[in-house]
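Number of protein chains: 2
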Amino acid sequence: MKIKELQKKLREKGIDAALLYNMETNEENPNMRYLANYKGYGFLIVPAKKRPFLVAPLMDIEYLLKSGMKFYLMKKNFMEKIKKKLRNPRKIGVEARNFSIFALKKFRKHFKAKFIDVSELIEELRITKTKEEIKIIKEASGITNGIINRCIGNFGKFRTEKDVERFLKIECIKNNVEPSFNIIVASGISPATPHHIPSNKPLRRGFCVIDFGIRYKGYCTDVTRTVFIGSPSEKEKRMYSLVLSVQEKAIEKIKIGMNYSELDDFAKKEFGKYAKRFIHSLGHGLGIEVHESSMLYDKNQKIENGMYFTIEPGLYFPLRFGIRIEDDIFIHRGKVIDLTTVSKQLVCIKPKNF
Amino acid sequence: MKIKELQKKLREKGIDAALLYNMETNEENPNMRYLANYKGYGFLIVPAKKRPFLVAPLMDIEYLLKSGMKFYLMKKNFMEKIKKKLRNPRKIGVEARNFSIFALKKFRKHFKAKFIDVSELIEELRITKTKEEIKIIKEASGITNGIINRCIGNFGKFRTEKDVERFLKIECIKNNVEPSFNIIVASGISPATPHHIPSNKPLRRGFCVIDFGIRYKGYCTDVTRTVFIGSPSEKEKRMYSLVLSVQEKAIEKIKIGMNYSELDDFAKKEFGKYAKRFIHSLGHGLGIEVHESSMLYDKNQKIENGMYFTIEPGLYFPLRFGIRIEDDIFIHRGKVIDLTTVSKQLVCIKPKNF
Chain L
1 MKIKELQKKL
11 REKGIDAALL
21 YNMETNEENP
31 NMRYLANYKG
41 YGFLIVPAKK
51 RPFLVAPLMD
61 IEYLLKSGMK
71 FYLMKKNFME
81 KIKKKLRNPR
91 KIGVEARNFS
101 IFALKKFRKH
111 FKAKFIDVSE
121 LIEELRITKT
131 KEEIKIIKEA
141 SGITNGIINR
151 CIGNFGKFRT
161 EKDVERFLKI
171 ECIKNNVEPS
181 FNIIVASGIS
191 PATPHHIPSN
201 KPLRRGFCVI
211 DFGIRYKGYC
221 TDVTRTVFIG
231 SPSEKEKRMY
241 SLVLSVQEKA
251 IEKIKIGMNY
261 SELDDFAKKE
271 FGKYAKRFIH
281 SLGHGLGIEV
291 HESSMLYDKN
301 QKIENGMYFT
311 IEPGLYFPLR
321 FGIRIEDDIF
331 IHRGKVIDLT
341 TVSKQLVCIK
351 PKNF
Chain Y
1 MKIKELQKKL
11 REKGIDAALL
21 YNMETNEENP
31 NMRYLANYKG
41 YGFLIVPAKK
51 RPFLVAPLMD
61 IEYLLKSGMK
71 FYLMKKNFME
81 KIKKKLRNPR
91 KIGVEARNFS
101 IFALKKFRKH
111 FKAKFIDVSE
121 LIEELRITKT
131 KEEIKIIKEA
141 SGITNGIINR
151 CIGNFGKFRT
161 EKDVERFLKI
171 ECIKNNVEPS
181 FNIIVASGIS
191 PATPHHIPSN
201 KPLRRGFCVI
211 DFGIRYKGYC
221 TDVTRTVFIG
231 SPSEKEKRMY
241 SLVLSVQEKA
251 IEKIKIGMNY
261 SELDDFAKKE
271 FGKYAKRFIH
281 SLGHGLGIEV
291 HESSMLYDKN
301 QKIENGMYFT
311 IEPGLYFPLR
321 FGIRIEDDIF
331 IHRGKVIDLT
341 TVSKQLVCIK
351 PKNF
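For the protein sequence lines, the chains are L and Y, in the order given.
Under my numbering, the first residue of the first sequence carries the number 1, and numbering increases by one thereafter.
Under my numbering, the first residue of the second sequence carries the number 1, and numbering increases by one thereafter.
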């Protein structure tokens, strides 16, 4: 996506080429995935003026073909090949976030160029989604809503947090998708920990937080619902309503051009005396990665058309309980679209062993 | 594991502290997982002389508690806290592979120290496994063998490569483990591509390569078996026997003290005129990561007690067929232990739709 826009930016900055690579980790490089639809090993070279190409080992040929990009197979002296193609570049863009010091050292041996960080140039492109991306994201949300609805619908059958996790994993397999992060299912006092690890202990009375998302055609969703096991007290109902109202008000508040931090501040304020129990940020960017950089690193990020992010206020009372409600929001032609259609009414469940 | 050995190495090299961190990616930092049994966000600080500690956000409290390490919660000015604890370090070790240029820049602002790459110091520690690791690895292999045996036993029921993949994924869920990498199931001409992506097309006559591994308690396995769909010709049987004999001979050849590259060269030689059809390396280190660095980066790595790696020769004939056989090997007290007990006799299968 948007590889031509990157080339334009490179020309504007007087950078001869961007050099992305993935050789050290066992994961894909999200920027290579984004720009070249490539998820294998190797290099992506984006000259400012000529056609971009991949250089990768033969064993990743299917990923190369799937990408639709021009490519060369990685042979001995492939660095020389890249050098020749780039004709003595003086300024090379690299990704400071995905590029290790180790790689930089290696590259300095081959290129007598100045290395410049272009991560932001690339990641800025990723902030607003294209038509193709929007199509995928909507499909991904549809699948996610279905899975969570079925999960809540079947909740009475689960005995442990692990049961819930297993159900969600099997739903992923049935839908030919992957979970986009480690599934969180937290019952009893566990929801007080936002990153709880599902356990084999019986589900307990109280709030149960289910935080789950999928990766579909490369794109992530991330949704949280909190259900109640047993019958909630008046206070518990009030606390749930508070989180829900902050979430709904924050979504209503979203406007193009406003700073994301304003939204975050607004939510903190709405929690009133409970603000200190809201221990994380209101949300984060979504896309190729489940946590995308824009909002994580820059609170002054302005809300724009094409942005895709979460709104997920929560309250956490250590050793007592926790509540979180998270929707995936997409901004389309000035409108705020809540992609998460799963009901937010507090569902009260009586599981098998309860 | 071995955090004290790292401290000893730091002292020997005159490095005041090693600083590992994981704030940018959505994955765990394998070295933090290794040294501190920690898989959340945050920092691991290993002073050369004092007690190591983690600094992480409150939301990762469960991972912090699970690690058993000393820790501080990440608050404003946490960098100042780290600085104070380290008392003006002059030399700080960072991981050149997992440490981004971005992070380095940030750290330089806070520390007026010399930054030195200690990735190799740490990754050297990971090459030979401890008693605790061996125990986990053996259990992981047992689970993997069971899953692959059941997969081959059920092969007649599968219609597509995706069916096989789904079966393996569901087995993972049943066994409470994760696949350690993208599962490969390649039938027809697809096994000619080592990194084939499972498709929805019907399984076809010919070799079918199944490359699968699990992650169990943090440790990876990686096993490949090639079955035959239909009845193999004499030539096909010969080609399979060739790969199998090279694999068995390579395993027999393993000796403590020999260079890993000798083993690789030996396998290439044994393939005779087919050597050029063996397009990847004979194997790779295993452990916390499914591809560990030792053997990938250093062909002169000597085979030692406690090493855990794959032996996986293969032959690849583009647009025709491919064969690969991969076992997980562990070196224990001078003995070569083949952890993969799944039979290597060529299994011929007649699937439903064939």
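One thing to keep in mind: the hints can contain errors.
Chain copies aren't distinguished; within one or between two, either way the pair holds.
Lysine-lysine pairs mimicking DSBU-like chemistry, simulated, CA-CA at most 35 Å apart [what the hints assert, rightly or not]:
#, residue 1, residue 2
1, K162, K112
2, K169, K13
3, K49, K350
4, K105, K157
5, K84, K237
6, K335, K109
7, K249, K85
8, K109, K237
9, K253, K91
10, K66, K76
11, K106, K201
12, K253, K157
13, K2, K201
14, K276, K4
15, K237, K4
16, K106, K4
17, K169, K9
18, K105, K138
19, K157, K109
20, K169, K39
21, K70, K114
22, K135, K276
23, K201, K112
24, K350, K135
25, K174, K201
26, K174, K217
27, K112, K157
Worth flagging that the hints you see were computed from the coordinates, not collected in a lab.
- Item | Violated hints - listed by number, lowest first | Checked against the structure, the hints that fail are numbers 1, 2, 3, 4, 5, 6, 7, 8, 9, 11, 12, 14, 15, 17, 18, 19, 22, 23, 24, 27, while the rest are satisfied.
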